[in-house]
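Number of protein chains: 2
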Amino acid sequence: MTTAEYMRVMGQHAKAASVLMAQASTQTKNAALYAMAEALHQRRVALLQANEHDIQKATASDLAPALLERLELTEAGIVAMAEGLAQVAALVDPVGQTTELHYRPSGIQVGRMRVPLGVIGIIYESRPNVTLDAASLCLKSGNAAILRGGSEAAASNQAIADCISVGLQQVNLPTSAVQVVNTTDRAAVGELITMTEYVDVIVPRGGKSLIERISREARIPVIKHLDGNCHVYLDDEADPVKAIDIAINAKTRRYGVCNAMETLLVASACADRLLPELAQNLQKFNIELRLCERAMLLLPETLGQRRQIAVEADWFTEYLAPVLAIKVVDNISAAIDHINHYGSHHTDAIVTENYSKAQAFLTQVDSSSVIVNASTGFADGFEYGLGAEIGISTDKIHARGPVGLKGLTSQKYIVLGNGQVRH
Amino acid sequence: MTTAEYMRVMGQHAKAASVLMAQASTQTKNAALYAMAEALHQRRVALLQANEHDIQKATASDLAPALLERLELTEAGIVAMAEGLAQVAALVDPVGQTTELHYRPSGIQVGRMRVPLGVIGIIYESRPNVTLDAASLCLKSGNAAILRGGSEAAASNQAIADCISVGLQQVNLPTSAVQVVNTTDRAAVGELITMTEYVDVIVPRGGKSLIERISREARIPVIKHLDGNCHVYLDDEADPVKAIDIAINAKTRRYGVCNAMETLLVASACADRLLPELAQNLQKFNIELRLCERAMLLLPETLGQRRQIAVEADWFTEYLAPVLAIKVVDNISAAIDHINHYGSHHTDAIVTENYSKAQAFLTQVDSSSVIVNASTGFADGFEYGLGAEIGISTDKIHARGPVGLKGLTSQKYIVLGNGQVRH
Numbered sequence: 001m002t003t004a005e006y007m008r009v010m011g012q013h014a015k016a017a018s019v020l021m022a023q024a025s026t027q028t029k030n031a032a033l034y035a036m037a038e039a040l041h042q043r044r045v046a047l048l049q050a051n052e053h054d055i056q057k058a059t060a061s062d063l064a065p066a067l068l069e070r071l072e073l074t075e076a077g078i079v080a081m082a083e084g085l086a087q088v089a090a091l092v093d094p095v096g097q098t099t100e101l102h103y104r105p106s107g108i109q110v111g112r113m114r115v116p117l118g119v120i121g122i123i124y125e126s127r128p129n130v131t132l133d134a135a136s137l138c139l140k141s142g143n144a145a146i147l148r149g150g151s152e153a154a155a156s157n158q159a160i161a162d163c164i165s166v167g168l169q170q171v172n173l174p175t176s177a178v179q180v181v182n183t184t185d186r187a188a189v190g191e192l193i194t195m196t197e198y199v200d201v202i203v204p205r206g207g208k209s210l211i212e213r214i215s216r217e218a219r220i221p222v223i224k225h226l227d228g229n230c231h232v233y234l235d236d237e238a239d240p241v242k243a244i245d246i247a248i249n250a251k252t253r254r255y256g257v258c259n260a261m262e263t264l265l266v267a268s269a270c271a272d273r274l275l276p277e278l279a280q281n282l283q284k285f286n287i288e289l290r291l292c293e294r295a296m297l298l299l300p301e302t303l304g305q306r307r308q309i310a311v312e313a314d315w316f317t318e319y320l321a322p323v324l325a326i327k328v329v330d331n332i333s334a335a336i337d338h339i340n341h342y343g344s345h346h347t348d349a350i351v352t353e354n355y356s357k358a359q360a361f362l363t364q365v366d367s368s369s370v371i372v373n374a375s376t377g378f379a380d381g382f383e384y385g386l387g388a389e390i391g392i393s394t395d396k397i398h399a400r401g402p403v404g405l406k407g408l409t410s411q412k413y414i415v416l417g418n419g420q421v422r423h
Numbered sequence: 001m002t003t004a005e006y007m008r009v010m011g012q013h014a015k016a017a018s019v020l021m022a023q024a025s026t027q028t029k030n031a032a033l034y035a036m037a038e039a040l041h042q043r044r045v046a047l048l049q050a051n052e053h054d055i056q057k058a059t060a061s062d063l064a065p066a067l068l069e070r071l072e073l074t075e076a077g078i079v080a081m082a083e084g085l086a087q088v089a090a091l092v093d094p095v096g097q098t099t100e101l102h103y104r105p106s107g108i109q110v111g112r113m114r115v116p117l118g119v120i121g122i123i124y125e126s127r128p129n130v131t132l133d134a135a136s137l138c139l140k141s142g143n144a145a146i147l148r149g150g151s152e153a154a155a156s157n158q159a160i161a162d163c164i165s166v167g168l169q170q171v172n173l174p175t176s177a178v179q180v181v182n183t184t185d186r187a188a189v190g191e192l193i194t195m196t197e198y199v200d201v202i203v204p205r206g207g208k209s210l211i212e213r214i215s216r217e218a219r220i221p222v223i224k225h226l227d228g229n230c231h232v233y234l235d236d237e238a239d240p241v242k243a244i245d246i247a248i249n250a251k252t253r254r255y256g257v258c259n260a261m262e263t264l265l266v267a268s269a270c271a272d273r274l275l276p277e278l279a280q281n282l283q284k285f286n287i288e289l290r291l292c293e294r295a296m297l298l299l300p301e302t303l304g305q306r307r308q309i310a311v312e313a314d315w316f317t318e319y320l321a322p323v324l325a326i327k328v329v330d331n332i333s334a335a336i337d338h339i340n341h342y343g344s345h346h347t348d349a350i351v352t353e354n355y356s357k358a359q360a361f362l363t364q365v366d367s368s369s370v371i372v373n374a375s376t377g378f379a380d381g382f383e384y385g386l387g388a389e390i391g392i393s394t395d396k397i398h399a400r401g402p403v404g405l406k407g408l409t410s411q412k413y414i415v416l417g418n419g420q421v422r423h
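Just so you know, the sequences run in chain order A and B. The opening residue of the first sequence carries number 1 in this note's numbering; numbering runs sequentially from there. The opening residue of the second sequence carries number 1 in this note's numbering; numbering runs sequentially from there.
Treat the hints with care, since some could be wrong.
To be verified - Calculated cross-link-like contacts (lysine-lysine; reagent style DSBU-like; alpha-carbon spacing at most 30 angstroms):
(1) K208(A) x K15(A)
(2) K208(A) x K15(B)
(3) K15(A) x K57(B)
(4) K57(A) x K208(A)
(5) K15(A) x K406(A)
(6) K406(B) x K406(A)
(7) K406(B) x K15(B)
(8) K208(B) x K15(B)
(9) K284(A) x K15(A)
Said to hold, decoys possible - One-sided and incomplete, this derived list gives chain A residues near chain B with beta-carbon spacing under 8 angstroms:
(10) Q97
(11) T99
(12) L101
(13) R104
(14) P240
(15) K242
(16) I244
(17) R400
(18) I414
(19) L416
What the hints assert, rightly or not - Just a sample of chain A residues kept apart from chain B, beta carbon distances all over 12 angstroms, derived:
(20) A60
(21) L67
(22) G84
I should point out that these hints are in silico values taken from the structure, not numbers from a laboratory. It should be emphasised that the depicted structure is a prediction, and the values quoted were computed from it without experimental measurement. For each residue, glycine too, the CB sits at the ideal point set by N, CA and C.
Start from the sequences, fold in the hints, and give me the full structure.
Here it is, written out as structure tokens:
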């Protein structure tokens with residue numbers, strides 16, 4: 001069987017399973033999640049052995065330490081994965097939720113019912129825990145899933161796939177509801193993202209180049225996010241304590257996450273008050289600065305702080321590192337223009353006490369999350385109350401921002417009549 | 001300037017205009033719609049002359065009568081178009097609607113705000129009234145639009161475009177908020193559907209081949225519907241009066257519309273009671289029948305009624321004509337399987353008095369509209385209370401079913417804080 005044939009058979013099975021998954025009760029789906037957690041516990045030794053195998057191979061082939069770290073499964077990590085399953089089981093089931101049901105003058109009642117998308121293809125890098133995360137969210141939202149993880153995690157992913165199968169079997173759900181692609185042939189991805197008759201949506205998770213390639217080549221809708229070039233704008237009517245706290249938190253909470261601040265914008269009327277204090281704080285975290293010329297003038301050189309004049313490319317850059325670009329802007333309009341031009345439409349925040357400016361920022365900044373007086377770090381499915389997220393979308397179509405269970409469903413119209421005909 | 005360059009300049013202008021449109025007040029947008037209606041009235045003579053020019057050219061090139069009819073504008077048609085604008089002005093503005101705003105344990109408030117998609121590209125055939133319909137819906141939802149109508153309507157569309165421009169100018173909105181492509185070069189479509197940096201969504205309206213080609217070649221999300229192969233299933237627990245009324249209405253209200261019934265499914269337990277009466281009624285409308293073998297046996301030949309045994313292809317066919325396929329099925333499960341297999345996921349109805357069967361049909365039929373005890377003819381934006389529709393989507397992503405103003409928007413997250421940082 002060629003890789004293309006293998007994938008198409010997988011697609012057919014997934015499509016067939018999706019019909020049964022769409023009808024599975026909340027109770028059955030939750031029972032499957034708990035059974036998977038139990039299987040993880042039972043099979044933890046085999047799981048750790050499979051992971052050890054992946055780690056050894058990856059070490060031998062000189063995988064970068066950061067990637068090795070993501071690949072590694074620990075006993076504690078397995079416990080956390082099992083807890084994650086219980087958390088997904090605790091989430092409200094979106095399937096069947098019916099809203100806006102109302103009578104029309106014709107006498108019919110019209111409403112919208114939430115239904116699964118069908119088959120979801122997920123492509124991700126070598127993080128075995130994503131296998132279980134993604135499987136659990138697709139299952140709870142009544143979808144079938146085809147999962148394609150990075151080849152370095154092949155053995156770990158198959159061991160996790162076995163646990164998933166056990167869980168599905170125990171509650172009599174089809175095992176093909178969650179299938180893990182068991183070939184490292186890259187052609188598998190090409191087939192997965194073009195099987196329009198079997199797959200309803202693709203969610204790529206990983207680096208930008210992976211996501212760009214998939215978006216370019218997919219013939220199926222893709223829920224994706226590319227960059228997280230996030231901004232905080234400190235307005236001249238900002239509370240200075242909130243301004244410093246939020247800016248420091250947005251930059252230093254974690255560097256490698258997509259909701260970290262990458263560029264700070266400061267209104268010129270308060271830049272001389274805020275920037276020196278801010279720079280001092282950032283120095284404690286050893287943050288390297290890329291400054292516009294006005295900011296450079298306001299910050300007399302501090303011993304040992306790494307800083308340089310920002311170039312045009314800096315405003316576009318998602319550093320994902322202890323580096324921050326700072327620009328002094330004339331006013332909120334300049335800040336909004338900068339964000340909409342250089343930003344990635346991910347998450348942007350304003351700090352201000354001025355009502356009208358807050359409103360203007362909320363409505364005019366064209367990003368998936370727009371924040372007033374809080375850190376960009378809150379842009380996250382858990383913080384928003386979605387419970388878990390399959391990813392963050394910077395697209396405008398279908399889902400925008402953190403994508404939870406609802407993002408894996410769509411709404412169909414239902415009509416309840418009593419014999420009405422249309423004249 | 002090449003066609004590609006022409007389109008890209010148009011794209012740039014649309015993108016710039018979309019920023020201003022997103023911020024336009026409801027009052028300004030409504031004033032523009034009324035100003036357009038006034039301009040239509042003022043320029044009706046020029047409009048009819050331009051249309052006459054198109055009609056003469058089309059007649060000379062032997063355009064099919066049905067297409068000629070769609071192309072023609074009349075004085076009454078212009079009045080109807082102006083009324084359509086007033087109706088769109090009367091719709092609730094979706095932009096800025098904020099829902100689900102709630103406090104999180106961290107103290108932040110999280111909600112979702114409805115915002116325009118940006119730039120919408122609409123590709124349609126030679127129906128000049130679509131130019132104004134589409135423009136008004138894009139404008140009211142705060143989007144910029146690029147409209148590409150069929151070449152046969154070129155002069156009519158430009159005359160309508162002039163009215164749109166006048167309306168936008170009068171309220172100081174950018175005239176590039178609605179641009180009508182003024183070239184009949186087919187390359188314009190190819191460019192429009194691949195300018196990912198300028199266009200956010202494509203809505204094709206027209207025949208299946210047009211929509212298929214656009215879906216295949218587009219690099220931008222497409223809101224589309226392909227087929228309307230709609231079913232009515234008459235259950236053995238159906239009220240016989242409702243069953244006959246709904247079946248007759250779903251087939252005969254109009255033949256050329258996407259929500260017309262194309263296949264009737266009848267439970268075997270009631271087929272002998274319902275089919276003869278139904279066939280008699282259908283004969284009055286001169287409906288040609290394509291019958292499964294069981295149905296054929298139940299219908300002793302009636303004088304003059306055209307009928308034949310249905311072949312496999314009939315179950316897939318959207319006749320858009322006074323033709324109806326009829327199949328006797330064992331039970332509701334067989335009906336649902338048939339619909340999900342042969343249908344086009346557009347609109348399907350059941351007639352039954354049984355509660356559990358109604359629920360099963362609603363949840364298991366995978367269509368954009370699922371109807372109990374009412375005619376498929378209700379699947380329509382006006383009947384659903386959307387006010388107007390840009391089209392009906394049979395996709396699952398983003399919008400499903402009739403697409404009104406909300407379908408031309410997306411929801412971003414907003415976060416209202418009071419200085420919160422994330423730990």
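Hint check results:
1. K208(A) x K15(A): Between K208(A) and K15(A) the Cα gap is close to 29 angstroms, so the pair holds against 30 angstroms.
2. K208(A) x K15(B): holds, 25 angstroms
3. K15(A) x K57(B): Violated - the C-alpha atoms of K57(B) and K15(A) are around 49 angstroms apart, more than 30 angstroms.
4. K57(A) x K208(A): holds, 25 angstroms
5. K15(A) x K406(A): holds, 20 angstroms
6. K406(B) x K406(A): holds, 17 angstroms
7. K406(B) x K15(B): holds, 20 angstroms
8. K208(B) x K15(B): Given pair K208(B), K15(B) holds - Cα atoms ~29 angstroms apart, limit 30 angstroms.
9. K284(A) x K15(A): Violated - the C-alpha atoms of K15(A) and K284(A) are around 54 angstroms apart, more than 30 angstroms.
10. Q97: For Q97(A), the interface hint is violated, since the closest Cβ of chain B sits about 12 angstroms away, which is over 8 angstroms.
11. T99: Interface hint status for T99(A): violated (11 angstroms vs cutoff 8 angstroms).
12. L101: Violated. Min distance 11 angstroms.
13. R104: Nearest chain B Cβ about 6 angstroms off; hint holds.
14. P240: Violated, about 11 angstroms.
15. K242: holds, 4 angstroms
16. I244: violated, 10 angstroms
17. R400: Holds - the Cβ of R400(A) comes within 8 angstroms of chain B, reaching about 5 angstroms at its closest.
18. I414: holds, 5 angstroms
19. L416: holds, 5 angstroms
20. A60: Given that every Cβ of chain B is farther than 12 angstroms from that of A60(A), nearest at about 39 angstroms, it holds.
21. L67: holds, 26 angstroms
22. G84: holds, 19 angstroms
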